[in-house]
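A.B. asks: One-letter residues, chain by chain:
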Amino acid sequence: MEIIAKPVGGNIDKMAESVFIECINLLGGLRKLVEYRNLTWLPSLAESAYVIVMKNEALKTYREIAKELGITEQTARNIATADEEKVKEYIEGRLEEKPNEHIAGGIAKLAFRKLKDVGRLGEDEIVIRHEEIEALGINWAVQVLSKVKGLDFPIEKEPLKERLGGIVLNAKKIEEILDELEYPIKSPAELLHRIKMKLNNNYKE
Amino acid sequence: MARYYELKELESRSPRLFGIPTGTKLDEMFFKIEVEDGKYIKKPLGGLPYLSVMNITGVPDTGKSLLAEQFAVTQANAGYRILFVTVENPANFLYTALKQKSEAIGANFSRVEENVVVIDASESEELRENPKALLDTMAYAIREKKVTSVIIDSITGLYEHKEMMARQIVRQFFNFLKKWRQTGIFVSQKRAAQASESAEAAGGLAVAHIVDGTIVLDKKLIESRWEVSLYGLPIGSVLRTIRIDGCRITGHDSKTWVFEITEFGTIEIIAPLSEYIKGQSEKRKA
Chain G
1 MEIIAKPVGG NIDKMAESVF IECINLLGGL RKLVEYRNLT WLPSLAESAY VIVMKNEALK
61 TYREIAKELG ITEQTARNIA TADEEKVKEY IEGRLEEKPN EHIAGGIAKL AFRKLKDVGR
121 LGEDEIVIRH EEIEALGINW AVQVLSKVKG LDFPIEKEPL KERLGGIVLN AKKIEEILDE
181 LEYPIKSPAE LLHRIKMKLN NNYKE
Chain D
206 MARYYELKEL ESRSPRLFGI PTGTKLDEMF FKIEVEDGKY IKKPLGGLPY LSVMNITGVP
266 DTGKSLLAEQ FAVTQANAGY RILFVTVENP ANFLYTALKQ KSEAIGANFS RVEENVVVID
326 ASESEELREN PKALLDTMAY AIREKKVTSV IIDSITGLYE HKEMMARQIV RQFFNFLKKW
386 RQTGIFVSQK RAAQASESAE AAGGLAVAHI VDGTIVLDKK LIESRWEVSL YGLPIGSVLR
446 TIRIDGCRIT GHDSKTWVFE ITEFGTIEII APLSEYIKGQ SEKRKA
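Going down the list, the protein sequences come from chains G and D. First residue of the first sequence? That's 1 in the working numbering, and the numbers climb one at a time after it. First residue of the second sequence? That's 206 in the working numbering, and the numbers climb one at a time after it.
These are computed hints drawn from the structure, not numbers from a lab.
Each computed EDC-like pair below joins lysine to aspartate or glutamate, with the alpha-carbon atoms no more than 16 angstroms apart:
1. G/Lys-6 <-> D/Glu-330
2. D/Lys-304 <-> G/Glu-2
3. D/Lys-350 <-> G/Glu-2
4. G/Lys-6 <-> D/Glu-331
5. D/Lys-351 <-> G/Glu-2
Among the chain D residues that face chain G by a calculated CB cut under 10 angstroms, a handful are:
6. Leu-299
7. Glu-328
8. Ala-338
9. Lys-350
The following residues of chain G were derived to be distant from chain D, with all beta-carbon distances above 12 angstroms:
10. Glu-35
11. Pro-43
12. Gln-74
13. Arg-94
14. Pro-99
15. Glu-101
16. Ala-135
17. Pro-159
18. Val-168
19. Ala-189
20. Arg-194
Using N, Cα and C, we set each Cβ at its ideal position, and we do this for glycine too.
Input sequences plus hints: build the corresponding full structure.
C.D. replies: As structure tokens, this is what we get:
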């Protein structure tokens, strides 16, 4: 039985920031925007991030969004209804002509969708320092997480072995531990949990 | 600009009329009229009207939450997703209540667990005090979990100490459930000072006039010899009654019925009060 104990979808600002940052990542990062002299896109991307989040998460009408952001209803509508696939083709250079879509809106929609798919929208993230990681004895987890970044979950054994090869945990090669796990593994959290259970079992033996 | 509709335009948007089962005899107390062989026939709806938002009200300890929980278990066991917004009872206690009810009515608790999503407003001040935050959370749950019915126990808890806002808050949640096409139950509490068999809830006329219908639960303590003689129950026992006090969506039985809360915490509706009294009298004569 799933229990939701705190508001979900309520922190619009945090979600809009996440979408905005993901927009920049989709465009190749801040450096690329500087190099290609496209920093002028940033205000439009920020505005679009808010429109997409307010429409999809806060369930606001175009009128409410326009009033809150100080834009026209038509602009809000254009952003929210931009064809993100066409925009994706355009920014990847596969379209010769610029499509008649709100480009920043399309990028924001792509970013929003990506964050939703991996469950990172509106999630609380914490920052932890190296000495804290050492004190907690979770270096191995940080190492595994950094190596599986970018992989698609659920995942099978072979792609994991390929990515994690070379790591040694408690004097045991990670490939041997991965051989003992059940697949597919649904998420990075599940991967860490299963490795931890194996390490605990091996310690008891 | 406000839009108007010609009646015919609404045909495609009007919901079908059928029942969402509660797991009690209430399912036979709502009915619809159909034409068969040129005659009008009354047919039981089989549950609460689809997409209705019903108010279950009564003074404390009349079985309102039990009825809501029984509805949740019945629906979840049938494979439908339920959103249970608990404002009074912490989620872990609700879990135990649902588990017990599942065992009592022979439901598959694993299926119930899978199909019930809980928003625990009892332990979150923001969810209780900020309707917008709660509505956003409900929207998230309905959208992500494909919920079809919603229970709020109790709606009164969302406007306690600000009863001036009662109508506004109830209206917001009512409109929300209509927008998201949910069948809904609001459990509301009545003050003891109000006539206990009436539908007026805490907050005055707030809930009853906004929702699609009201189910009133009541209890009567047997205190006099006359009551012993009338109801056939010993002094000190409790007579429990349930009545549908109006429904704007479909026809319904408006008689007062007697019910029991079984030792397993489930609602068993027995008979209309008049028949119950008659039956008790005949038992005594025999």
